[in-house]
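Student: Residues per chain are reported as follows:
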Amino acid sequence: MTTVATPTTRVPRFPNAAAWIGVAPFFVFAVMFLILPTASLLVGAFQDHDGAFTLSNLARLWQPSILHSYSLSIEVSIASAFFGALIGLALAIAALRGGLPAWVRPTLMTFSGVASNFAGVPLAFAFMATLGRLGFVTILLRGVGVDLYASGFSLFTFTGLTLTYLYFQIPLMVLVIAPAIDGLKTEWSEAADILGAGRLQYWRMIVLPILWPSVLGASLLLFANAFGAIATAYALTGSFLNIVPILLYAQIRGDVLHDPNLGYALAFGMLLITGLSNVAYLYLRARSDRWLK
Amino acid sequence: MKSGKFAAWAAMILGVAYFLAPLIATFEFSLRMRRGEYSFDAYRVVLASGNFRDSFFYSTVLAFVTIIVGVLVVVPTAYWVQLRLPRLRGLVEFITLLPLVVPAIVLVFGYIKLYGSSSILPLTATSLGADALLMFGYVGLGLPYMYRSVETALRSIDVRTLTEAAESQGAGIFTILFHIILPNIRSGILSGAFLTFAIVIGEFTFASLLDRPAFGPYLQLIGASKAYEPSALAIIAFALTWACMGLIQLFGSGVRFSVDKP
Amino acid sequence: MSFLALTGIRKTFGAHAVVRDFNLSVERGEFVTFLGPSGCGKTTTLRMIAGFEAPSAGEIRINGQDVTHLRANKRAIGMVFQSYALFPNMTVAANIGFGLKVARRPAADLKARVDEMLAMIKLPQLAERYPYQLSGGQQQRVSLARALAPSPQILLLDEPLSALDARIRVSLREEIRALQRKLGITTIFVTHDQEEALSMSDRVVVMNEGAIEQVGTPSEIYNAPVSRFVASFVGTLNLLNGRIVDASSGAIDIDGQRATTARKLNGAKPGDILPMALRPEALRIGVGGDDRNTLAGVIEDVAFLGAVVRVRVRLAEAAVIIDTFNTGANDLPALGAPITVNFGRDDLIPLLAH
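Chains as they are written, first to last, in the working numbering: chain A, 1 to 293; chain B, 1 to 262; chain C, 1 to 354.
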């Protein structure tokens, strides 16, 4: 007797068990090297030397020197984010919408990709060679009668650090905002045109309202980026400018009185600030994505 | 619009000036080592230095290991999430965002606390352990870019059909992943690889705090003690980063390099 | 005097002429369609009227005024785009009122006009919605209202229905036409869909490769095409090779069978072979009267298309397609059976060699 094969629903050759095993390394890695370290710091911020729950670490953040650090960090981050966003936006609009030759755009995008990664120690060296006491631009300006250092400027100050940070903040802005600018359909500008609007009216009534969530979101990204950066500052100013990452660096290295719980509290404060900025960025992005479908 | 174009050119020229000035200045400074004339002495000294070669070699090897581990972690995950576990996608993407939210210094601090000499898994106690820790840290730093690169490449090929076709030929999972999927997402992997390389070579924070003889801490040390060599190193570092980005453009897929968080 | 006049309009990009020697005169209140395949220059010509492209040569006059070099935002023209182009950051009401706001009309006037427009497109309940909350058809109607709100002198529509579902397309095109009639606004409509062109227009301009092939009413374009391109682009067509037997009496030889055409055979000599157009719906089954042409052949294919039954008849070498109405009779003609078809002398249209 012949048996007739009954059609069954197709059983996948690889049962889901294989899939779970396949993604296991990722999750093991994430837990061990991303989640647990961060979580352990957060927990440590609320523990004292014996491991009991305490808020005293956070309370100790309220000393003048540490508050000064946080405010310095926030100021540098806001300054470099603000100017980085403005200048980056201007450059992106100029390259993507300014009617420039076709090669400008890919060149700008590639350069931004490079420059946004050119942070840290090499960048500090580059700016020392440019605006340091014997720097190229310093000497150039002295040649036309402008003495930077006589008028109080120094690369190793708030201004100098901000200027240096801009070197990777501006390209980062260009990269982040480019998709939003690309999303500005030419039909909108033509529709506005034929309805009688002038160039300025088009920018004021249509482009700005559409772009501002993206610009704000990108600025927050830049802020968080600057806030967490340390290598550039360290290479540039040593421990001279006490921004929070440098404070933390010293703590970890044991350069100061070895007080790990204070370190955890510092880290918690940093994480709070960068975390909130990123959440705000994601929210703004989701909102503008929905508008623009 | 005439005035619009003028403003655009003005903005570009100012931008170019700001971005080229430090590069020109650094290059010029690096040529000043020999008194009175321009020369490549600074470069010669640097490239001949044993410390340079050792630390560069260390970082390069570390970068390769990081890339391999990164690929081994990311590719199967992206593959299975797309094929069989789509509900995990949100969670996985959130995890790949973490390295961008958590500053490097905070993360390495967490490593020291968790894997320090007085913990359950004292990785920092041994040289090899510390190397491994550094490597895993770098896998984390490169994760957002590597994952997005690979995921985009996977989405552009029909993963399901390829898998089913291979299955029907009797291929096992390892064959499928290594002989069929991997070759087809080569450009995505290469993009992620070059970016990881650029990140690892210049990285300072992790390497310094974990006390490893990498290129980043070497750069910082030179900057603190020498005059002209740092500029030469900066130019070399910049040229390396350019090369990586150029290679991404050449071999990478049309994966747009934007720091667009998903 | 015509309301919209294009004279000698030409547009070149580099060495390539996208629009060549375009001349057209449009009366006030007329609905004219530019019809043609992609790349024929119809959209470019429309954009030159709008002011988005400057002609390389030629002149455009609206109501007597030379607007050739006038900026787009000064021409008082309304335009509807294929992709709707509604401003995503503004509500429906704000979108519609945009042209009036830009012209600094007082708020009360603006509101009244917007309400009027919303009532006209029958969507007053959507005033406070955002474009992303609307369907494609709704967005296009809002787009129409926005274009008409500032009372422009000309309305331009650039393939406005191409992005919509087939069903919405039909109802929306009727709505557009009714609105246009009611307002009496001079309108130029661009499309590649010949059904839209024929059903909506007062006149149709058929374009091909940058030049005008024919201008005429829908009936003229369909029943009296002047070239092979026009004949085959608009509607289904039988294209037969006819050998001239006698030009003055219109005697033609088609595949060995005799037929007569009542149309002019200018300058054709006996022995010339001319393409002849024959519409499928002009053919009838059976032997006709003495004043009609008759062809005999064999049924090769029968396709049931719903309202129409399409029969393909094989002559000696050529084949003709006949469209007959579906009478509801269940039996369709049998494949392979012999069949006779007849058509009028007027229906055989000789075409200029194209």
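These aren't lab readings, by the way, just hints derived from the structure by calculation. It is possible that part of the hints are untrue.
Ranges between beta-carbon positions, derived for each pair [claimed, not checked]:
(1) C:D165 - B:D158: 21 to 29 Å
(2) C:R104 - A:Y149: 50 to 58 Å
(3) A:A59 - C:Y132: 53 to 61 Å
(4) A:D259 - B:A125: 46 to 54 Å
(5) A:L67 - B:F64: 15 to 23 Å
(6) B:D158 - A:G238: 24 to 32 Å
(7) B:P183 - A:G254: 31 to 39 Å
(8) C:R129 - A:G238: 19 to 27 Å
(9) C:R104 - A:A59: 52 to 60 Å
(10) C:N241 - A:K185: 30 to 38 Å
(11) A:L134 - C:R104: 52 to 60 Å
(12) B:D158 - C:A334: 53 to 61 Å
(13) B:F64 - A:G183: 58 to 66 Å
(14) C:G14 - A:G238: 53 to 61 Å
Far from chain C, by Cβ distances over 12 Å, these chain A residues were calculated [unchecked claim]:
(15) T38
(16) A39
(17) L42
(18) H49
(19) L58
(20) L61
(21) S71
(22) V114
(23) A197
(24) R199
(25) M205
(26) L208
(27) G269
(28) I273
The C-beta atom is built at its ideal place from N, Cα and C for all residues, glycine as well.
Student: Each hint should be assessed against the structure and marked as holding or not.
Tutor: Here's how the hints hold up against the structure:
1. C:D165 - B:D158: 21 to 29 Å: Taking Cβ atoms as reference, D165 (chain C) and D158 (chain B) lie about 28 Å apart, which means the hint holds.
2. C:R104 - A:Y149: 50 to 58 Å: 54 Å, holds
3. A:A59 - C:Y132: 53 to 61 Å: 48 Å, violated
4. A:D259 - B:A125: 46 to 54 Å: 22 Å, violated
5. A:L67 - B:F64: 15 to 23 Å: Cβ of L67 (chain A) to Cβ of F64 (chain B): about 44 Å, so the range 15 to 23 Å is violated.
6. B:D158 - A:G238: 24 to 32 Å: Roughly 55 Å apart at Cβ, these two residues miss the hinted range, so it is violated.
7. B:P183 - A:G254: 31 to 39 Å: Cβ of P183 (chain B) to Cβ of G254 (chain A): about 49 Å, so the range 31 to 39 Å is violated.
8. C:R129 - A:G238: 19 to 27 Å: Violated, at about 58 Å.
9. C:R104 - A:A59: 52 to 60 Å: 59 Å, holds
10. C:N241 - A:K185: 30 to 38 Å: 49 Å, violated
11. A:L134 - C:R104: 52 to 60 Å: With a Cβ separation near 59 Å, L134 (chain A) and R104 (chain C) satisfy 52 to 60 Å, so the hint holds.
12. B:D158 - C:A334: 53 to 61 Å: Violated - the Cβ-Cβ distance for D158 (chain B) and A334 (chain C), about 46 Å, lies outside 53 to 61 Å.
13. B:F64 - A:G183: 58 to 66 Å: At roughly 38 Å between Cβ atoms, G183 (chain A) and F64 (chain B) fall outside 58 to 66 Å, so the hint is violated.
14. C:G14 - A:G238: 53 to 61 Å: Because 60 Å falls inside the window, the suggested range holds.
15. T38: Correct as stated: the minimum Cβ-Cβ distance to chain C is 37 Å, above 12 Å.
16. A39: 39 Å, holds
17. L42: Nearest chain C Cβ is 39 Å from L42 (chain A), so the label holds.
18. H49: Per Cβ check, H49 (chain A) is outside 12 Å of chain C; nearest 55 Å; holds.
19. L58: Non-interface label stands for L58 (chain A): nearest chain C Cβ at 42 Å, farther than 12 Å.
20. L61: 41 Å, holds
21. S71: 36 Å, holds
22. V114: 34 Å, holds
23. A197: 5 Å, violated
24. R199: 9 Å, violated
25. M205: About 8 Å separates M205 (chain A) from the closest Cβ of chain C, which leaves it inside 12 Å; violated.
26. L208: 9 Å, violated
27. G269: 37 Å, holds
28. I273: About 30 Å separates I273 (chain A) from the closest Cβ of chain C, which puts it past 12 Å; holds.
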